[in-house]
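K.L.:
First to last, the protein sequences are chains P and H. Taking our numbering, I'd label the letters of the first sequence as residues 1 to 284. Taking our numbering, I'd label the letters of the second sequence as residues 285 to 532.
These are computed hints drawn from the structure, not numbers from a lab. For each residue, glycine too, the CB sits at the ideal point set by N, CA and C. Treat the hints loosely; a few may be bogus.
[Stated by the list, open to error] Straight-line C-alpha distance at most 25 Å; calculated PhoX-like pairs for lysine-lysine:
{"hint": "1", "chain 1": "P", "residue 1": "LYS173", "chain 2": "H", "residue 2": "LYS381"}
{"hint": "2", "chain 1": "H", "residue 1": "LYS288", "chain 2": "H", "residue 2": "LYS330"}
{"hint": "3", "chain 1": "P", "residue 1": "LYS173", "chain 2": "H", "residue 2": "LYS330"}
{"hint": "4", "chain 1": "H", "residue 1": "LYS330", "chain 2": "H", "residue 2": "LYS381"}
[As the list claims (entries may be wrong)] Covered stretches of chain H, going by a simulated chain P footprint (3 or more residues, C-beta under 8 Å):
{"hint": "5", "stretch": "349 to 359"}
{"hint": "6", "stretch": "377 to 391"}
This is what each chain is made of:
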Amino acid sequence: MMNGFFNDPAMQRALIAALCVSVGSAPLGVFLVLRRMSLMGDVMAHAILPGVAAAFILCGMSIPMMSIGGVAAGLSVALIAGFVTRVTSLREDASLAAFYLIAVAAGVMMIALHGSAKDLEDILFGDAQNLDNGIVSLMAGISAVTVVVLAMIYRPLVMESFDPVFLRSVGGKGGLVQGMFLTLAVLNMVESYRAMGTLMSAGLMLIPAIAAQFWTQRLRTMLVVSIGIAVVGAVIGLMIAFAAQVPSGPAIILVVGGMYVLSLLLGRFGSVRARYFPFKHFKA
Amino acid sequence: MTIKLTNLSAGYDRRPVVHHVNGEFADASMTAVVGPNGGGKSTLVKALAGFMPLMTGSVDYGGVARGEIAYLPQQFEIDRTFPINVMDVVLAGHWPKLGALGRRRNEHREAAMRALTMVDMASFATRPIISLSTGQWQRVLFARLSLQRAKIILLDEPFAAIDSRTTHDLIHVLEHWRQHGCTIICVMHDFQLVRDHFPQTLLLARDLIAWGDTGDVMRDENLARASAQAGTWVEHADVCDAQGGHAA
Chain P
1 MMNGFFNDPA
11 MQRALIAALC
21 VSVGSAPLGV
31 FLVLRRMSLM
41 GDVMAHAILP
51 GVAAAFILCG
61 MSIPMMSIGG
71 VAAGLSVALI
81 AGFVTRVTSL
91 REDASLAAFY
101 LIAVAAGVMM
111 IALHGSAKDL
121 EDILFGDAQN
131 LDNGIVSLMA
141 GISAVTVVVL
151 AMIYRPLVME
161 SFDPVFLRSV
171 GGKGGLVQGM
181 FLTLAVLNMV
191 ESYRAMGTLM
201 SAGLMLIPAI
211 AAQFWTQRLR
221 TMLVVSIGIA
231 VVGAVIGLMI
241 AFAAQVPSGP
251 AIILVVGGMY
261 VLSLLLGRFG
271 SVRARYFPFK
281 HFKA
Chain H
285 MTIKLTNLSA
295 GYDRRPVVHH
305 VNGEFADASM
315 TAVVGPNGGG
325 KSTLVKALAG
335 FMPLMTGSVD
345 YGGVARGEIA
355 YLPQQFEIDR
365 TFPINVMDVV
375 LAGHWPKLGA
385 LGRRRNEHRE
395 AAMRALTMVD
405 MASFATRPII
415 SLSTGQWQRV
425 LFARLSLQRA
435 KIILLDEPFA
445 AIDSRTTHDL
455 IHVLEHWRQH
465 GCTIICVMHD
475 FQLVRDHFPQ
485 TLLLARDLIA
495 WGDTGDVMRD
505 ENLARASAQA
515 GTWVEHADVC
525 DAQGGHAA
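Pulled out of the complex, with its shape left as it was, chain H reads as follows (with noise of 0.2 Å):
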């Protein structure tokens, strides 16, 4: 169940912030997507998780259903003032199998006490979730994930305001999940964190810059090209009509 992407191009009313990308996620990667403020990391998850239409070409999944995608936002899209406690939130993760009226069993609470367990929280089942500091939270998260046994996981920056521990902590678990068979595609700040952990990386200035080995798209060419395109703007763009096949 290879990724592919066919030219896509994603973005905001007629200004597309991913440009005639080009590329393959492989069964079973794990790849970090990096580049500048402004570079359409977070757009191409988006575009990714069938969350905005595209401009330009197609996605092929290899098979594999809307429902086993997995998509983690960033923090602030959850209202988390909401009156409802930790286990409520974990058991939705049961959402793909259950539905919206599916009886929740025992089984079902059991799984969700394991996938807490995982992450460390099984003390604060009960505790109503504007009790949790940003980084439970984000451990919370991660459980729901877990339950909802997504082929492919798409998560934008699930590490910005986390501490050292619970990060390291949270990217064993995607490991884990890569090592059952689950395709990550993540975006991701730390430099240091991708080329510890991420064998793959995609790096996007709106226009893909370089993307397969961490180590070879890292290089200081690479992410000065990627930092020279960033924020530039112009305000009269002509229409364009390339085609895709070209990189840059």
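The shape of chain P in the complex, shown without the other chains (with noise of 0.2 Å):
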């Protein structure tokens, strides 16, 4: 049977997106989640919904347009979130929360003002298993696209994530690097939500990177295993798709989410196995 998933042009053109949303998204998902903005990356997620609404309604299912409009909302949302939280006193979690909740309420709307209810759903749940070669190419671009200019920005942005201090007081552009990595992680939402959909376009960026905490503390073990993590949900996660005829994307997600509840109660460092089932100590 698993030969027929091989074989499977569809099923091929599935895995080789869902690759590369992975070796794209969960080393951004690890610097998201060490950034402690975890939960920033979902309201991104949510919040790129109105742009591919609109782009849905003034061009169709037009994969490019709803890509384009998708990166102008989320960019735009994460942009007025931090303005008005540094010209009013609301905190930008607050903030945040407010303008994506609209920003979801809004795209809903619009769709199923203008489309079917199946519009809807292939939005909001993404469709894998029916990617074209055009998708799949971009998809494939935006991968590489982010893995070269992560490897350009690495060391600046593990100093702006760790010791944002130091990295001014030395003249490096923070800003600059900060805005590059929103702008990466933006569009990684939009090239997986084709796949994976709005709602949970987050999941394969933030669930591999949340699990490979629990493995190491060295930062590029850390991004290795979040991809390896990523790559087999993907994989086993379409498998079960394929052969179950169940939606891709949340059997991928429940697959990695798997691989997270394994890796809290047995990872090696702060899971339930370190805490309370310690490792046998050192001489001091």
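With the hints as a guide, bring the two chains together.
P.N.:
Structure follows, in structure tokens:
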């Protein structure tokens, strides 16, 4: 039966797409988690919805236009929320929460007024088993750009995340690095919404990154572990979706979710096992 | 490269915490900044580091470039749970030379290792920083500082919550840097350490109380004046129109 899985062209495309999303998003997720911005990632994933909806209304199910709309909406919500935080006394999490809830409601309303229930379902939940070559190429391109840019800004991004005052004191462009990082994050959310849907596109970015926290205290290893968890989750999730004829987005997220639960129970650092069934200690 | 402050005021939301300060840090001097909590010590150092806009006045760094000024803030400003090892933290001290993209060569690693040896932390090079104690962590930050080759070094309470052995080791590092021509400006709380190791002292309680040789500055009447001035808050303060030039 798994022979059928690997021979099915739609499944091949879904597999390539999911691998692209894994390689690009999981490392971004690690930085979101380390910067204590996990929820921010989720917020951004939802915030792209009105942009996607607007593009859908204007251009129909055009993936490039919907991607551009999504990026525009995601970045606008991030920037507007940041602006509101600066000019009012509202804290950033509160202003982001307000904006993204409004964004989701507006997006759903726009699609509901102009499209069918099927359109709404496709946009909210995605359909990894129904991607064409153009979309898969776009996803591969975004992933390649993500990996290259992330490698370029790696050193300042690490410093900006852990000691921003030092970066500023040596004249590093912290704001620029942060902006590039957030742009990559939004691009990747948009990249994955076709496969995972807007409701779940943050899942493959964040859950492997969170699970990786339990396995290592070294950043480079953590990045590799997060990609590994995402890749394994994506492949097994798609196999389950294919075999059991269930939606692929939730299947993938539930598999990486299971790996997260295992990590939190059995991981090497800070897990339930490490805390309640401690390893033998070394000589002092 | 004397650092000259002219009528310097800095603070938050129209409330100056450092108020019309004038004076000079001599070349290769080592000055303790002391005073009561809320007296503006951190604010002064932040302002000198270029981290906050001045309300009035100016600072003349005597031709020292921005990249030659190092600033070590209070410890809690750094995320010590971040998954990075000691060596990578120290290597960042090459930033003024290498920038964000410059390649790290063997010579850079060797220099980082020498810096770690200087603070007695060489055996910790590959440890993640989350495993370090507060004192070990401060030693690592001093190693990073030493790679920056700064001409002016600003430190904000580097010995808070640090045991006496580490404190003395690190003060010797400061003295070593000063002998090599660095100008050191260091916020301090422990008066005994100031008297023992810092030739110059700046006593600040929002207004400048005294600035000069430590023996002259740390006299009882100056300290009493500083603590009397601490903690006063006038709810509806008048707009200040002083043009500077006065010391108190």
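K.L.:
Now tell me if each hint is right for this structure.
P.N.:
Hints, one by one, checked against the model:
no., hint, in the structure
1, P:LYS173 - H:LYS381, "holds (15 Å)"
2, H:LYS288 - H:LYS330, "holds (16 Å)"
3, P:LYS173 - H:LYS330, "holds (18 Å)"
4, H:LYS330 - H:LYS381, "holds (23 Å)"
5, 349 to 359, "holds (count 6)"
6, 377 to 391, "holds (count 4)"
Checked against the numbered hints given earlier, the structure satisfies every one of them.
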